[in-house]
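> If you read the sequences in order, they're chains A and B. So in my numbering, spot 131 of the first sequence is number 131, and the numbers just go up one at a time. So my numbering is basically just the index in the second sequence, starting at one, shifted up by 195.
Source of the hints: derived by calculation from the structure; they are not laboratory data. Honestly, I wouldn't trust all of these hints.
What the hints assert, rightly or not - The following label-pair restraints were derived from C-beta to C-beta distances: (1) B:302 to A:161: 31 to 37 Å; (2) B:342 to A:50: 27 to 33 Å; (3) B:342 to A:53: 37 to 43 Å; (4) A:52 to B:320: 38 to 44 Å; (5) A:114 to B:293: 33 to 39 Å; (6) A:10 to B:336: 24 to 30 Å; (7) A:50 to B:302: 54 to 60 Å; (8) A:188 to B:465: 57 to 63 Å; (9) A:92 to B:293: 50 to 56 Å; (10) A:52 to B:307: 50 to 56 Å.
Here a beta-carbon is modelled for each residue, glycine too, at the ideal position from N, C-alpha and C.
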Amino acid sequence: MSQAILCGECSWPLPREFWNRVEGARCPGCRRRVDVAVFPALERVRSGALPQAVLADTEASCFYHPESRAAVPCDECGRFLCGLCDIELDGKHLCPACFQTGLSSNKLENVETRRIMYDTLALVAATFPVLLIWPAIVGAPTALFIVFRRWRTPLSILPRTRIRFYLAALLALAEIVGIGFLIWAIARVPRLGAR
Amino acid sequence: MAARKSLYRRLTGRRRTPLGYSQLWLAPDHILLVKSTRVAEHYQRFALADIQALVVTELPDRIPLQIALGGAALLWTLAALAVSSLFAKGFFLITGALAISAVIVDIARGPRCRCHLHTAVSRELLAPVGRIQKARAFLDEVRAAIEGVQGHIEHLPAEPVYQTALADRPPEVPQPPGYLPEMVFMLFLLDAALVLADLRFPRNQIGSALPTTFFAEIVLVVVALVRRAGRDSRRVIYGVMVAALLCIGWDAVNLTRSFTALAMEASHLPPPTRLMVSWEPLAHGEAIFAAAWRIGAGVLGLVSAYLSRTP
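Okay, chain B solo, but in the shape it has when bound:
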């Protein structure tokens, strides 16, 4: 059965998401933004007479990410050579090929962008316009339609204008630093207490918590360093964190070594033997070192953080 004659003409392809898609259509007097959840469609109309501006902003490229994803997909596909089962070979080849083709398609679609539509009362993100190449075609088509309703747009001559723009620069809103560094230093002090408690009461299995808390330290320190990204000027704190990361690495090596020794010992004993009760995660000297540097880093970091917040 043929569809009835529609007044809408398709402007863009579908921008798909896991829960639906969005798409732009052009009518004689308005642009229609359709947001679909498959089961329901939601419509937003923008009268051509009311559109004040369309702004297309180029987004940063994702070449490192695309290379990393492509490499990972290639390695995944090559895993087919390392397995003997026919099913496994097929699985790795098909899923790997799909991943590689997804990366290739992403690269072929060109640089990404974001498009905003301005009216007197709103600023709407047009999600279906997500690539520069498509955005240019979209702008050409819509500009002609809007000009038909509103009149001609004057093209301004090209000239250096950055000075004017910089003069209009709005004041920056200061962002207070977060409390993640303080949490990291508190965790250092807590872990120091755990290490010392394990040293004092070796049969209470307190040391079993150390692998988890050491891992938490690594994650929090890395997150704090990444999030800093030049925004937080408290250099002492982050210097302490970098040094602490090296010490955590040394503690992790000692912890792994003792656990490996325990596992080797367990492999030579009959199954019911309960070796974990007697496990000492860190030797005496190593434990003293682990506790000492944590107390030092924790106190130094917390004092530094406190002083940097005090006016």
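So that you can see chain A by itself, here it is in the shape it has in the complex:
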């Protein structure tokens, strides 16, 4: 059974007459104008495909459920899978183990839920410490390390250039040169009180 369609302001259940009205409607609960676009998925009955039992010894069975008839092999490891174990993703059939492996190694872009933006991290390491001058001694090498270590790591799944990596590397190099010069200059200046 589908869940109720609720008003976004007062959570009032919006009746069917309010759905898909071009001019919208007013919520009876809070009197706010609501536009409700309802789609056929609301009426769709969802049910999972149950695996079929193995009827003869000659039939291939599922690797994880020996009593279930195999429906498809895993596209990664070749194990036979029943309808319950088959995970279909981008036209490929995967077993739970391969799916988990792909998930942990970030190879399945379409199911990833989180990514670290290493380019932003490098840029932060290259910019914020230099505001206090001396922390740049740690910040600049850190930024360079992130740039070299994570250059090939996939960034956002959305369109994103590597301009932050370039900027971080340039800034970090400039800071290292600047700090080197500063140390050299300090070493060259005669100490106060020295004869």
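Starting from the known structure of chain A, fit chain B onto it as the hints suggest.
Same frame as chain A, but now just chain B:
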């Protein structure tokens, strides 16, 4: 370096917060909600085939708030005329102009709204869709994409439907009133005790606490009256509070007067003189009045609150 070809198309602008932003993107088979903390991105995907409904709810307008903010920003900017320093003039002009432009942009973006996406298992707030104008464009684009996957949506004819909706009205969940009024009346009794103690032991500086506790009374009474907002039906209690607010005002006037007199006296004396020890915040008659009305209001309010809670 050019970015690789992405399967995503931008649906909305970024909804920025102090700690990041969120944004909606459209792929051929799903909608992607990105929540970014700048350093990390979190993704939520909604398959077009699974989306059951999109609900856009208009939110109340903020015209009074916008006018107040605009006025405050204008006054802030005009403060530049009242200062002589060039730096101060520049500061007031620039910050004031920024505040005014923020208000203008807020007005220009139009009425606010809230958009929820319903699936069979979840109801997700789409934070990037925050304005009606943008929501309409968003709905048009997404509706076409979802129709492409799920099929056509039938538009129902317009007809009066409120009676049906009211018939389906769910039962209201009663909310028990809070205990803030009881706290206010307890504070009245405590302050009455302080006033009387100050009257009995004038050299113990108990009266020095009175400005703070009087201020606490004002804040609590105002908060209790604002929070009531028609939800609490205990009218006697709030009537007592309104009357008490007037009496607090009178006490505050007396307190300010005595403190001003003390300050004037101190300005004519040499610095080491310790006048605060001998300060009497309220004269004898004023103190009796302050204590008496507090005891009356406190007892009346607490009894009334107790009776209204007793079935």
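> Any of the earlier hints contradicted here, and which numbers?
Failing hints: none at all.
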